[in-house]
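So you can see what is in the structure, the chains are spelled out below.
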Amino acid sequence: MNKKWWIPIFAIIFFDIESIFANYFPVQLISEDWICVPRFLLSFFIFIAVYYDKKLALIYGLVFGLIMDIVFIDILGIYLFWYPAIIYGVSKLMKIIHTHLLILAFITLLAITVLEFGVYGFNFILQITDMPIEHFVNNRLFPTLLLNLVFYLLLAYPLKKYFTLIKKVKEEEEGMFQS
Amino acid sequence: MPQFFMNKRLIILLVGIILLVALIGFSLRERDNLSWPEQFVKDTAGFVQSIFAKPAHSIAGFVGNVQDLLHTYEENEILKKRLDEYAQLKIESDRLEKENEELKAIIEKKEDLASYNPLPASVISRSFDRWDETLIINKGENQGIKTNMAVVTSEGMIGTIKSTSKLSSTVQLLTTIDRANRIHVAVQAEKDVYGLIEGYDAESKMLLIKQIPSNSKVEKGQNVITSGLGGMYRKGLFIGTIEKVEPDQYGLTQTAYVKPAANFYNIEEVIVIERLMDQPDEDVVDNDE
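Residue numbers (our numbering), protein chains in the order written: chain Y, 1 to 179; chain C, 1 to 289.
Keep in mind the hints are simulated off the structure, nothing from the lab.
Just so we're clear, the structure is a prediction, and the values are computed from it rather than from any experiment.
C-beta atoms are modelled at their ideal positions from N, C-alpha and C, and glycine is treated no differently.
Any given hint could be a false lead.
As the list claims (entries may be wrong) - One side of the interface only, derived from the structure: several residues of chain Y facing chain C at Cβ under 10 Å: (1) Ile20; (2) Ala22; (3) Leu76; (4) Ala105; (5) Met131.
When you get a sec, could you build the whole thing from the sequences and use the hints?
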């Protein structure tokens, strides 16, 4: 089987991990007030954008953003907007910055921060939440960043290896057609 | 100006923003039913999620079992104390139930506010960003689930059905800060005190019953159940116990803080409660709210 078929499979797996995460992750044992939001899918899309294909990452962002909106929030447009916007921003940024796993860790956390603030902003404007900003930063943003940093540290190296491998295959194929 | 229109990116951005606002506007309006593409995506995602939910259930179940083993001794002590009490209660409740049935037969009353039809369901996922606390369960319209039905676990009421698709439906938990999320309840005092649950206090993690008349005797430790009078839920679903009562700003009414009985984490199996008593007309309900 062609190795690039693992991309959609990984995407679906991460999507489902996110969807059962909130019910099982025992964050209330650490602190009752903390809310850890898994942003594994976004990190994964950032990896696609940086190490493989920017356009593909944008399409994945759009599709999964729409699915998340429909399945979880019943308000269309929040993730549909933020996923592609952030992936686009990151891919622009990575043109200037040297790609290195440690730097990318920082960029991923930055992207998650932007996403959290973005979703919080939407919810605040639409009056779904009335959470004050200090509460948001202390009880949502920091735990979320911590969780996703752990996720990143665990999976960054294998993901990078995988994407550089399939990118090499892709470039070889393209080279074959051109010659 | 031609330069402005030639800029492809700018045009895409503008069209995108217009579409976005339109989509948000479309989905925020009051909707009775989800559109069919939404239902389709929900059902498909629900199918895939349920595949993943099963192993997660069993892993969590195993961890739970180990924890149970560690607490066996203490629990056993408490249970032993309760056991005598329980036997007494069981006899009493059986006797009352029988008596109740006989009396109902005499007055030829078939359904009352408390009669219901339980529809068991499994949780397949939970809203991951937790702005809006929702669960997705694996039963939908095809199994007879409708919006606004009450959802309970063995411990007590946890929420209501927010939306349904053919094979799955979304449960809104009581802990959502939503002003539309109102439940008519009865506080079991000497004489029942009625009130509305009007929201959730995230800081103290308690539900609020506001506007209880200041002369009614509501105290800490009293149980709160659904009254069945709101038209949506059956009578007698356990919600929680009163933790504290505070007079409001002007002293005319009081606010009761209710500690929910149900645990809102690790929810696996739920029961959707279908009320058998006739529902009032939809229009009337809408006007009430």
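These are the hints, each one checked on the structure:
1. Ile20: Result: holds, 5 Å to nearest chain C Cβ.
2. Ala22: Holds, because the Cβ-Cβ distance from alanine 22 of chain Y to chain C comes to roughly 4 Å (cut-off 10 Å).
3. Leu76: Holds, because the Cβ-Cβ distance from leucine 76 of chain Y to chain C comes to roughly 4 Å (cut-off 10 Å).
4. Ala105: Violated: closest Cβ of chain C sits about 22 Å from alanine 105 of chain Y, beyond 10 Å.
5. Met131: Holds, about 8 Å.
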